[in-house]
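Trainee: Take a look at the letters that make up each chain.
2 protein chains.
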Amino acid sequence: MTGIKDVARELEMSTATVSRALRGLPGVSDETRQRVQRTAKQLGYVPSPGAAGLASGRTRTVAVVVPFVTRWFFASVVQGAEEVLREGGYDLLLYNLAGSGAARHRVFEGGRLTKRVDAVLVLSLQPTDDELTRLTALGRPVTFVGADVPGWSTVRIDDEAAACTATGHLVELGHRRIAYVGGPGELDVTAPNAREAGYRGTLRSAGLAHDPSLEVDGGFTLPGGIDAGRRLLDRPDRPTAIFAASDEMAIGVLRAARELGLRVPHDVSVVGIDDHELAGFFDLTTVAQPVVEQGRLAARLVLDALAPGAAKGGWHPAQVILPTTLLARGSTGPPPTA
Amino acid sequence: MTGIKDVARELEMSTATVSRALRGLPGVSDETRQRVQRTAKQLGYVPSPGAAGLASGRTRTVAVVVPFVTRWFFASVVQGAEEVLREGGYDLLLYNLAGSGAARHRVFEGGRLTKRVDAVLVLSLQPTDDELTRLTALGRPVTFVGADVPGWSTVRIDDEAAACTATGHLVELGHRRIAYVGGPGELDVTAPNAREAGYRGTLRSAGLAHDPSLEVDGGFTLPGGIDAGRRLLDRPDRPTAIFAASDEMAIGVLRAARELGLRVPHDVSVVGIDDHELAGFFDLTTVAQPVVEQGRLAARLVLDALAPGAAKGGWHPAQVILPTTLLARGSTGPPPTA
DNA sequence: CTGAAAGCGCTAACAT
DNA sequence: ATGTTAGCGCTTTCAG
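Heads up: the protein sequence lines correspond to chains A and B, in order. For the first sequence, the working numbering assigns the number 1 to the initial residue and increments by one for each residue that follows. For the second sequence, the working numbering assigns the number 1 to the initial residue and increments by one for each residue that follows.
Don't take every hint at face value.
No copy is singled out in the list; a pair is fine if it fits within one copy or between any two copies.
Distance condition first, Cα-Cα at most 20 Å in a straight line; then the derived SDA-like pairs of lysine to any residue [stated by the list, open to error]:
| id | residue 1 | residue 2 |
| --- | --- | --- |
| 1 | 5 | 23 |
| 2 | 5 | 48 |
| 3 | 115 | 93 |
| 4 | 41 | 137 |
| 5 | 115 | 138 |
| 6 | 5 | 55 |
| 7 | 115 | 43 |
| 8 | 115 | 52 |
| 9 | 41 | 28 |
| 10 | 5 | 56 |
| 11 | 115 | 308 |
| 12 | 115 | 60 |
| 13 | 115 | 135 |
| 14 | 115 | 58 |
| 15 | 5 | 24 |
| 16 | 115 | 51 |
| 17 | 115 | 44 |
| 18 | 115 | 55 |
| 19 | 115 | 2 |
Rather than coming from a laboratory, the hints here were simulated on the basis of the structure. Keep in mind that this is a model prediction, so the values were computed, not measured.
Produce the entire structure from the sequences given, and follow the hints as far as they go.
Mentor: Here is the structure:
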């Protein structure tokens, strides 16, 4: 393995100069830099991130912690983050919790991240106090996506507002009996509570009664949505509209409606949140949120915090809230004129 | 940051012993090991992978190269791999090509992987000769998932056989005019060719005419499948059955059929490959392949190759071919009795 | 602008 | 069973 030393020897200069030249640091004559780069390439020199990290304390690696890689939303955020990190010269270490609380504990506990990464990106998890303590102990920039963590860098949408938009859309169409499909999901993820709050708040301000039996758990999965839809729609006093806190659940509701022979939106309206890649396919009305973009932004925040001078130069955690848009498609309409 | 040295000093022993004790190496008295572990924990010692890697030449990190993280199939394989790697004490460095040939080139070229990972997992890419040369130069175990690369470790299904199963199912149902939706997709991925070969081979052995106009490109995406479906079904001499080389495309075809007012399977039968998470939802007949399992297996192969003694102890690249199963659901049936 | 030298934190012979 | 001693390959003062 040819190293920096070989390049230095070949050029009869010090490894310090080679190192500086290769990293584009100032204080190297243009000519020297040229020569170094040329011989480095010619000798097939490849830097050793491990050694560089050991010497500098920077690993040029960022950990990304995701609840489930297989879910479209998270995979998309990862994709956005990867894009930006890679471009910034950082590697991405993936920690997939796969819905397991044990895995979650393992990642945050016991310094699995210490001395390993320069920063951490946490997706959609509402951190516990203990986790926050450990993350603080890391002493590294951390950015949360999809969670509101006061004092920390976050990138998210206003989940409550998004839920208001969705519910409000139904209210405006004239619906008065509106159900909610949400639920906690498997890990302690942020979105559910805020979305439920938005739903309830909107009902209240519209002066609509709040019927707890119209709030059911869909587990944030498609099958869960089907189940929830069946339960809601297969009753005499069924709602005229359903707001599902995620598109996957909303699609499940659509399916349940079809099974029960109900026409959408004639018999029942359905609205979701996300603008999932399949939402258009199902002609689902939804409140769209930028997904890949949240990953990109979070990665950028982290890179900013890592940039030289950020520590001294007055860098502060940033809270970015991205806008959402109501995409009125074919799954919502006025209530049946009973 | 407390290091191995601090632990050694505290215990008044050498760092070598501490290192050995902590890594569970033989040659340490049980009592010493206990003491070391206790003080290490108590001092909040956390190992530095970078330093260990520098000294040992092993990074305990595996690179996983995926064409698209956002696609269900790849995300699932990654999930399986992550699971096994994490358990084996390895970190997973994610390289997402996001369909970009440039990104692909960047990863394999210029030693982005050298000195950085102990092994590489490559998903569904058919490596070029140049890439194989570079991977060989890495001098590290490499395992391919979903590709047939003679001489290298591979985990895959028999794509040709899977396509035969799918097409054969249609033939047995009595179809004689069977279309194929496939296509190259964005990167040079392996599956397409083999599946097309399986389709053609089955037609031939069944003595059915091969009509090139019945082979259309679906780009391995859902929208591509819709397009393809429209083109195939919106013609007077439309096929009575369609085999799509992936479930996502098959679902697109289903959609196209519905748009055109065709009933499935009464007017047209559709079969896919994968058993995508939504296949059941759409009642799609498909040839199921184990997905997460391919990731797990590939990771295990890589860990085996990395295990101490593998190099000397007669370790050979392994070719694992996993079985596929026809899942006959509601999207296939006998042809219309014209 | 360039060089010398001291590590970064750990592992791996080689001793004892 | 434990200690000693070199590094691993790079970055980073500190000199010049």
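Trainee: So which of the earlier hints does this model not fit?
Mentor: none
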